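Colleague: For the protein sequence lines, the chains are S and F, in the order given.
FYI, this note's numbering numbers position 257 of the first sequence as 257, with every residue one higher than the one before it.
FYI, this note's numbering numbers position 154 of the second sequence as 154, with every residue one higher than the one before it.
Note that these hints are calculated values from the structure, not bench results.
A quick note: this is a predicted structure, and the numbers were derived from the prediction, not measured.
Any given hint could turn out to be false.
To be verified - Derived lysine-lysine pairs resembling PhoX-like cross-links, with alpha carbons at most 20 Å apart:
(1) S:K299 x S:K209
(2) S:K227 x F:K110
(3) S:K110 x F:K231
(4) F:K318 x S:K126
(5) S:K330 x S:K69
(6) F:K126 x S:K318
(7) S:K299 x S:K341
(8) S:K230 x S:K381
(9) F:K204 x F:K230
(10) S:K299 x S:K204
(11) F:K231 x F:K209
(12) S:K330 x S:K341
(13) S:K209 x S:K231
(14) F:K227 x S:K110
(15) F:K129 x S:K318
(16) F:K129 x S:K231
(17) S:K129 x F:K318
(18) F:K318 x F:K342
(19) S:K230 x F:K110
(20) F:K129 x F:K90
(21) F:K230 x S:K110
(22) F:K381 x F:K227
(23) S:K90 x S:K129
(24) F:K381 x F:K207
(25) F:K341 x F:K299
(26) S:K204 x S:K230
(27) F:K231 x F:K207
(28) F:K69 x F:K299
(29) F:K330 x F:K342
(30) S:K90 x S:K126
Protein chains: 2
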Amino acid sequence: MAKSRKSSKRPDPLAEERGDAILSRQDERTLERIYQLAESIVECAEKDSEPIFAIPARSLGNVSFNEEKRVLQMGAKTTNRELFNLSQAKSFMQTTLVAAGAKRLIEMGKTTSIRGLYYMLKHDIKSTKEPTFHDQGECDPIIEDCEVLLEALREELHLFADKRGDMVGNITIVDSGDEIDCSRMGSGGYAIPSIVEPSVIQFKECKAKFVLHVEKNTVWQRFNEDKFWKKHNCVLTHGNGQPPRGVRRLLNRLHNELGLPIYCLLDNDPWGYYIYSVVKQGSINLAYESERMATPEAKFIGLRSRDFARCGLSEGVKISLSDVDRKRAKQIAEYPWFVHKKDWQREIDDMLTNGFKLEVEALVSRSISYMTEEYVPRLLKEGDFLD
Amino acid sequence: MAKSRKSSKRPDPLAEERGDAILSRQDERTLERIYQLAESIVECAEKDSEPIFAIPARSLGNVSFNEEKRVLQMGAKTTNRELFNLSQAKSFMQTTLVAAGAKRLIEMGKTTSIRGLYYMLKHDIKSTKEPTFHDQGECDPIIEDCEVLLEALREELHLFADKRGDMVGNITIVDSGDEIDCSRMGSGGYAIPSIVEPSVIQFKECKAKFVLHVEKNTVWQRFNEDKFWKKHNCVLTHGNGQPPRGVRRLLNRLHNELGLPIYCLLDNDPWGYYIYSVVKQGSINLAYESERMATPEAKFIGLRSRDFARCGLSEGVKISLSDVDRKRAKQIAEYPWFVHKKDWQREIDDMLTNGFKLEVEALVSRSISYMTEEYVPRLLKEGDFLD
Numbered sequence: 001m002a003k004s005r006k007s008s009k010r011p012d013p014l015a016e017e018r019g020d021a022i023l024s025r026q027d028e029r030t031l032e033r034i035y036q037l038a039e040s041i042v043e044c045a046e047k048d049s050e051p052i053f054a055i056p057a058r059s060l061g062n063v064s065f066n067e068e069k070r071v072l073q074m075g076a077k078t079t080n081r082e083l084f085n086l087s088q089a090k091s092f093m094q095t096t097l098v099a100a101g102a103k104r105l106i107e108m109g110k111t112t113s114i115r116g117l118y119y120m121l122k123h124d125i126k127s128t129k130e131p132t133f134h135d136q137g138e139c140d141p142i143i144e145d146c147e148v149l150l151e152a153l154r155e156e157l158h159l160f161a162d163k164r165g166d167m168v169g170n171i172t173i174v175d176s177g178d179e180i181d182c183s184r185m186g187s188g189g190y191a192i193p194s195i196v197e198p199s200v201i202q203f204k205e206c207k208a209k210f211v212l213h214v215e216k217n218t219v220w221q222r223f224n225e226d227k228f229w230k231k232h233n234c235v236l237t238h239g240n241g242q243p244p245r246g247v248r249r250l251l252n253r254l255h256n257e258l259g260l261p262i263y264c265l266l267d268n269d270p271w272g273y274y275i276y277s278v279v280k281q282g283s284i285n286l287a288y289e290s291e292r293m294a295t296p297e298a299k300f301i302g303l304r305s306r307d308f309a310r311c312g313l314s315e316g317v318k319i320s321l322s323d324v325d326r327k328r329a330k331q332i333a334e335y336p337w338f339v340h341k342k343d344w345q346r347e348i349d350d351m352l353t354n355g356f357k358l359e360v361e362a363l364v365s366r367s368i369s370y371m372t373e374e375y376v377p378r379l380l381k382e383g384d385f386l387d
Numbered sequence: 001m002a003k004s005r006k007s008s009k010r011p012d013p014l015a016e017e018r019g020d021a022i023l024s025r026q027d028e029r030t031l032e033r034i035y036q037l038a039e040s041i042v043e044c045a046e047k048d049s050e051p052i053f054a055i056p057a058r059s060l061g062n063v064s065f066n067e068e069k070r071v072l073q074m075g076a077k078t079t080n081r082e083l084f085n086l087s088q089a090k091s092f093m094q095t096t097l098v099a100a101g102a103k104r105l106i107e108m109g110k111t112t113s114i115r116g117l118y119y120m121l122k123h124d125i126k127s128t129k130e131p132t133f134h135d136q137g138e139c140d141p142i143i144e145d146c147e148v149l150l151e152a153l154r155e156e157l158h159l160f161a162d163k164r165g166d167m168v169g170n171i172t173i174v175d176s177g178d179e180i181d182c183s184r185m186g187s188g189g190y191a192i193p194s195i196v197e198p199s200v201i202q203f204k205e206c207k208a209k210f211v212l213h214v215e216k217n218t219v220w221q222r223f224n225e226d227k228f229w230k231k232h233n234c235v236l237t238h239g240n241g242q243p244p245r246g247v248r249r250l251l252n253r254l255h256n257e258l259g260l261p262i263y264c265l266l267d268n269d270p271w272g273y274y275i276y277s278v279v280k281q282g283s284i285n286l287a288y289e290s291e292r293m294a295t296p297e298a299k300f301i302g303l304r305s306r307d308f309a310r311c312g313l314s315e316g317v318k319i320s321l322s323d324v325d326r327k328r329a330k331q332i333a334e335y336p337w338f339v340h341k342k343d344w345q346r347e348i349d350d351m352l353t354n355g356f357k358l359e360v361e362a363l364v365s366r367s368i369s370y371m372t373e374e375y376v377p378r379l380l381k382e383g384d385f386l387d
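Here chain S stands alone, though its shape is the one from the complex (with noise of 0.2 Å):
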């Protein structure tokens, strides 16, 4: 937050350009960190002060594993942005524009992607010809400067990410209004928005007792097809990949407010560790988000190194590790939350030591049905996971 400020007293110069939305108590939670801002600016201007944002360091040195929470953390380091320095005040001007574009935005009750808000910021600046922003690699970092100066994720800025990733199972959930019943969404299913703050989500009911994320959306159509969710009462989800935004975050209160637990179904490969460390402990990048974007409490129910020769799938199935593989596999061992897990260390040696990866979709080769019917619901009998 900016190194000086006044309580609000709420200077409005821009009312005329509000819509009437009704505002949300996180909208207006969030105005209010913008109009701090603003007033910290003013406030130094009729002091003759230089204005300067504190703004949180996203650097990897000023992350660290929080052990209680497990989770990836901020630290306390902040860097200065001042509005009287030639190299810094281009940005100061830009962290002053994106934060007004979230205020209008905000008060419209509209939401933009960031290459929305990349549009509705660009502009020459008055008598140059020198842009706002040159591109949108320039607005984006700036984006995330403002999340953390406004301790504000992106979407409650009103920002929108990339949406992928789809949801079916036995629960009802509200999205704008609309009630959806996750059990009737055919084979299709219901997509998962972008923004699934509480603002925009509710659940309405819900009798599923765990959730099974899979990495892929075509593993998820096997399963949905298949009704596991149905027999099984979960939920069932899918990220195509790495999930975005809006799956993580949806997982995250999926525990957190309806206490199920999650269990991902993951590639036997680094890919797949990843990902299982992105829903579990955030991303290294983001990690100012991981509080309300990661599931520490996360399994991992496979697949497994060890799954070859258990599963008896056959040779045809392998495929080989590349030196790149090995090289990522050799980092993930080393990240903080797995490398005191003995478990983990063994399942990454495993896979060392195999030379080789797995697919889900290779448990096809025992029969179509074999990953829907007997694998996971073996683990799930057993409790046979990975933390």
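Chain S is fixed; fit chain F onto it per the hints.
Modeller: Only chain F this time, still in chain S's reference frame:
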């Protein structure tokens, strides 16, 4: 189809493998063709003659534009695939394997991804170390061969592709027995499945008067949030870039079965033109499926090269054309379905003269809802489309 065949006496040596799936008429038809293919081999064996498949050629030279139907079509050229030919024996074997795999899937009433089929069929040939398929890349073209040989869409072989793309709007469908009211799907929407054949998806009720198909999910989110489909009584879809097969087939069915005009809101760049071309005329690689996948009557509602000036966009939204863009644009201008159309020739010329491209999101620089409240409504009202 195979060169010699007998009408179906239906030997069924694998009857014990059958599940108790209830077969649709379509499934019966596809199975019938697979049986005929198998019988043609048996017949040859009984006559001591060589079994040969005559596979319709999927090469560019066998693709032409049908001016009357206005879709890409395959010609009559076929290529022989011979069992007694050292260089073809393996692909002959692979062709029968894929057909047998499809037979199993249909009889079980299950579907799988092309990845799943690959794993299902991959094994070492008895008493050898020779795998049936070395990798997925060896399996995919054989699947396409089987599609043309059996005159069946991939979906009819019970194979699904990646799914991406969502739908909302004034339409109620039945998906696998579940009734889904797409006007009550919140911010997320109904996730369009990969297989949307009538055996899976039926149209129950449709009040909508047209379909607006947009390129990107972020643009779709803007239109959904503004409830564009409610105000304009339409169906709103997206395909996350180039729409996958499920989305294209659904657009085709919405147009042909419900008579809904399809309007495509795509970027003003060669990629946007290409997406339009695929939706409208089909893909060159998969010309055999065009009649059921393409919608020749689909209209292009924008963005247009004139829009920079006409919509009063700011300098900053211009994205310079690259050399690849220019080359691609010139290739597209030569497509048989564009080459005689003055409007399209002018449109592509205009873009090349402009020297820049425009994304749909550039309209945000006017205002956040300019695209939903002004741009599209005006073009719809004026009937101002490219065809």
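Colleague: The structure should be examined with respect to each hint, and the outcome stated for every one.
Modeller: Hints versus structure:
1. Restraint check for K299 (chain S) and K209 (chain S): satisfied, since their Cα atoms lie roughly 14 Å apart, inside the 20 Å limit.
2. Taking the CA atoms of K227 (chain S) and K110 (chain F), the gap is about 12 Å. The hint holds against a cut of 20 Å.
3. Distance check on the hinted pair: K110 (chain S) and K231 (chain F) sit about 17 Å apart at the alpha-carbon level, within 20 Å; holds.
4. The straight-line distance between the Cα atoms of K318 (chain F) and K126 (chain S) is roughly 18 Å, inside the 20 Å bound, and the hint therefore holds.
5. Between K330 (chain S) and K69 (chain S) the alpha-carbon distance is near 25 Å, which puts this suggested pair outside the 20 Å criterion.
6. Distance hint between K126 (chain F) and K318 (chain S) is fulfilled; the C-alpha atoms sit about 18 Å from each other, no more than 20 Å.
7. Between K299 (chain S) and K341 (chain S) the CA atoms are separated by roughly 13 Å; this keeps the pair inside 20 Å, and the hint holds.
8. A distance of roughly 16 Å separates the Cα atoms of K230 (chain S) and K381 (chain S); the hinted pair therefore holds under the 20 Å criterion.
9. For the hint linking K204 (chain F) to K230 (chain F), the alpha-carbon distance of about 18 Å falls within 20 Å, and the restraint holds.
10. With a C-alpha separation of about 25 Å, the suggested pairing of K299 (chain S) with K204 (chain S) is violated against the 20 Å cut-off.
11. For the suggested pair K231 (chain F) and K209 (chain F), the alpha carbons sit about 12 Å apart, so the restraint of at most 20 Å is met.
12. Under the criterion of a C-alpha separation no larger than 20 Å, the hint pairing K330 (chain S) with K341 (chain S) is consistent with the structure, at around 14 Å.
13. A hinted pair counts as satisfied when its Cα atoms are at most 20 Å apart, and K209 (chain S) with K231 (chain S) qualifies at roughly 12 Å.
14. A hinted pair counts as satisfied when its Cα atoms are at most 20 Å apart, and K227 (chain F) with K110 (chain S) qualifies at roughly 12 Å.
15. This hinted pair checks out: K129 (chain F) and K318 (chain S) have alpha carbons roughly 14 Å apart, not beyond 20 Å.
16. Straight-line distance between C-alpha atoms of K129 (chain F) and K231 (chain S) comes to about 40 Å, which puts the hinted pair past the 20 Å bound.
17. Our distance criterion of 20 Å between C-alpha atoms is met by K129 (chain S) and K318 (chain F), whose separation comes to about 14 Å.
18. Only pairs whose Cα atoms come within 20 Å are accepted, and K318 (chain F) paired with K342 (chain F) is rejected, the gap being roughly 25 Å.
19. For the proposed pair K230 (chain S) and K110 (chain F), the alpha carbon gap of about 17 Å is at most 20 Å, so the pair holds.
20. With a C-alpha separation of about 14 Å, the suggested pairing of K129 (chain F) with K90 (chain F) holds against the 20 Å cut-off.
21. A C-alpha spacing of about 17 Å is found between K230 (chain F) and K110 (chain S), which places the hinted pair at or below 20 Å, so the restraint holds.
22. Simply put, K381 (chain F) and K227 (chain F) have alpha-carbon atoms about 18 Å apart, close enough for the 20 Å limit, and the pair holds.
23. This hinted pair checks out: K90 (chain S) and K129 (chain S) have alpha carbons roughly 14 Å apart, not beyond 20 Å.
24. The suggested pairing of K381 (chain F) with K207 (chain F) holds, with an alpha-carbon distance near 19 Å, which does not exceed 20 Å.
25. Among the hinted pairs, K341 (chain F) with K299 (chain F) is consistent with the structure: their alpha-carbon atoms are about 13 Å apart, no more than 20 Å.
26. Note on K204 (chain S) and K230 (chain S): the hinted pairing holds, with a Cα-Cα distance of about 18 Å set against a maximum of 20 Å.
27. For the suggested pair K231 (chain F) and K207 (chain F), the alpha carbons sit about 12 Å apart, so the restraint of at most 20 Å is met.
28. A threshold of 20 Å between alpha carbons decides the hint, and for K69 (chain F) with K299 (chain F) the separation of about 16 Å falls inside it, so the pair holds.
29. Distance check on the hinted pair: K330 (chain F) and K342 (chain F) sit about 14 Å apart at the alpha-carbon level, within 20 Å; holds.
30. Our distance criterion of 20 Å between C-alpha atoms is met by K90 (chain S) and K126 (chain S), whose separation comes to about 14 Å.
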